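Full structure from sequences and hints, please.
Chains A and B are the protein sequences, given in the same order.
For the first sequence, the residue numbers in the numbering used here are 1 to 416.
For the second sequence, the residue numbers in the numbering used here are 417 to 641.
Don't read these hints as lab results, they were simulated from the structure.
A quick note: this is a predicted structure, and the numbers were derived from the prediction, not measured.
There's no promise every hint is true.
Said to hold, decoys possible - Partial selection, computed: residues in chain A whose CB lies under 10 Å from chain B:
1) 239
2) 253
3) 256
4) 328
5) 380
C-beta: ideal position from N, C-alpha, C; glycine also.
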Amino acid sequence: MKLFTKYNRINITATILIFLAGSVAFYFVLDYVLIRQLDATLRSEKQEISEYVQLHQQLPEIQNTKEQWIHISKTKQADTKIISKSIPVYNKSEDEVENIRQLIFILPVKNENYLVTVNKSETETEELLKLIILVTLSMVAMILLFNYLINRRLITSIWQPFYNTINNIKDYAANQQALSLSKEPIDEINLLNESLNSMTEQIHKDFFALRSFTENASHEMQTPLAIIRTKVDSLYQFAEGKEIMMQQLLAIEDACLKLSKLHQSLLLLTKLENKQFILNESIQLKSILQQKCDERIELFQSKQIELNIEATHFNMNFHQHLAEILISNLLNNAIRYTSVGGTISILLNQKMLKISNTASAGSLDIEKVFTRFYKASETGTGLGLSIIKEICISAGFSVTYSYEKEMHHFIINFQA
Amino acid sequence: MKLLIVEDEYSLKQSMIEYLSASSYLCESSSNYQDALEKIELYDYDCIILDIMLPDGSGLDLLKNLKENNKTDGIIIISAKGELDDKINGIEMGADDYLAKPFHLSELAVRVAAIIRRKSFQGKSNIILGNILIDIKGKRVTVDDKELDLTQKEYQLLIYLAINKNRVLSKNAIAQHLWGDDMDFPDNFDFIYAHIKNLRKKLVAAGSEDCIRSIYGEGYKMQIA
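What follows is the structure, encoded as structure tokens:
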């Protein structure tokens with residue numbers, strides 16, 4: 001719910017309730033005042049009649065009108081209580097029931113008591129009341145309407161800088177420049193912008209510090225590795241005739257190579273997670289696939305693997321280097337887990353890349369297959385598939401693994 | 417042939433000097449930017465082996481300096497930054513080759529030899545090993561004028577062994593030279609053995625002496641007297 005909507009709901013409900021209560025109270029107050037006024041008129045009528053009787057010792061001649069009429073009748077009652085009340089009567093000419101206000105009193109004239117009833121129609125009063133209520137209600141409605149319109153305009157324009165800020169930070173990624181949100185006339189928004197500016201600047205700094213740390217750490221690691229490797233190269237020259245030394249040097253070399261690959265892989269993963277690659281090169285996946293398969297031809301031969309490729313030629317927007325890594329890793333993986341005499345089938349079209357290989361050992365752990373350092377065998381770094389996954393994520397592809405008919409299937413869907 | 421090795425890591429520099437000196441190169445070295453700058457301004461080298469991260473500057477600036485002064489020295493960058501961007505940067509700035517650390521000395525030797533061959537205007541692009549003659553330009557190998565029919569891999573392998581003659585080369589180093597390092601090698605390097613065996617057979621059949629020796633199947637060596 002938008003702030004404005006929420007605000008409006010509360011505001012309008014409260015306003016309506018207040019005005020409603022106010023209107024009801026106003027109605028009763030007004031009704032009370034008008035009736036009193038009516039009563040006052042009736043009393044002054046009574047006053048007039050009484051004064052006339054005192055002066056002339058006889059009943060006045062009554063002039064009845066439609067609005068006011070007086071009824072006088074003889075009575076035995078000596079009670080001098082004055083009653084004023086409203087009663088509904090039937091009006092023949094209007095064919096409706098209307099309220100009339102009555103003032104009943106006993107008037108003694110020459111030792112005789114008369115019951116005088118002064119009637120006055122309440123219609124006028126009621127009409128006045130109706131009019132006043134109508135005017136009040138329409139004013140309330142107008143106030144509400146204008147309030148709503150003004151608020152809407154005002155709040156929208158006041159909140160505009162806020163929405164601008166939100167739009168700016170929505171697409172913010174840590175590898176971007178720090179935000180420089182503009183100064184706004186409203187203090188709160190200004191405060192928000194300033195905080196965001198300094199926050200993103202800090203994020204940006206931290207990001208680069210972390211990035212250069214990762215890179216430097218990795219690079220600094222490569223130099224000692226280079227020393228180990230070159231020293232091993234030198235030591236090989238003394239290993240002739242010493243088989244054990246040869247084997248041990250080879251083991252050192254293997255470890256050295258593995259460490260170096262591990263570093264490169266971790267560095268690549270970090271870069272992928274940091275979205276440091278811009279995927280806007282037009283590449284031909286088929287030719288990369290062909291090239292990578294050709295490079296491995298001896299590997300296929302040495303394991304007597306049958307290779308079936310069914311590939312369509314097309315261009316796609318991707319990253320040459322990442323595409324090479326992707327294909328290499330998929331192939332390395334397939335070759336590693338195919339037993340001697342197995343089959344690797346590759347299907348490539350504009351929708352997907354599917355690499356399948358025979359494996360009798362059963363399914364890999366579907367939950368864990370793409371997690372780092374998951375290894376189904378002791379070879380490899382355990383990072384190959386997580387690299388594949390990360391590359392797919394950054395390219396917007398989806399990658400799935402399945403095991404069917406004694407085959408591992410890795411499917412990369414380009415349209416995710 | 418005169419080489420300049422610019423590398424700040426002492427051990428690594430020494431290894432390179434030892435290895436390349438043994439291949440009859442005259443090696444000079446620098447361990448910092450200033451010293452290297454003076455050397456490249458004063459002398460011409462056939463090939464400069466350049467580390468990018470130096471304590472007092474960047475190897476890329478040295479490269480820029482060389483190019484600005486129209487020097488024709490061959491340049492191979494060796495960097496711990498085995499990243500694509502740096503590689504492309506270096507090549508775009510005029511380096512002849514790029515080798516990421518860690519590397520095999522035998523690989524470095526092959527790259528340096530290739531650069532020097534490309535740079536030499538005398539067209540001396542033949543490698544002679546006893547009665548074996550490798551014509552790099554024509555991509556032909558002859559033994560006593562008899563031409564050998566070698567596959568691409570066998571030819572590459574022969575050059576690699578020839579440049580690093582009389583040295584023990586591990587099967588890892590050979591595999592990485594022939595197939596690059598984005599591959600994942602199975603524990604048995606049978607296919608390397610197969611290539612070596614075929615090459616040996618062809619050389620011997622053509623009348624060369626059997627100069628490729630296997631060191632317990634873990635490494636190989638081309639023995640040329």
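Against the structure, the hints come out as follows:
no., hint, verdict
1, 239, "holds, 6 Å"
2, 253, "holds, 5 Å"
3, 256, "holds, 7 Å"
4, 328, "holds, 5 Å"
5, 380, "holds, 6 Å"
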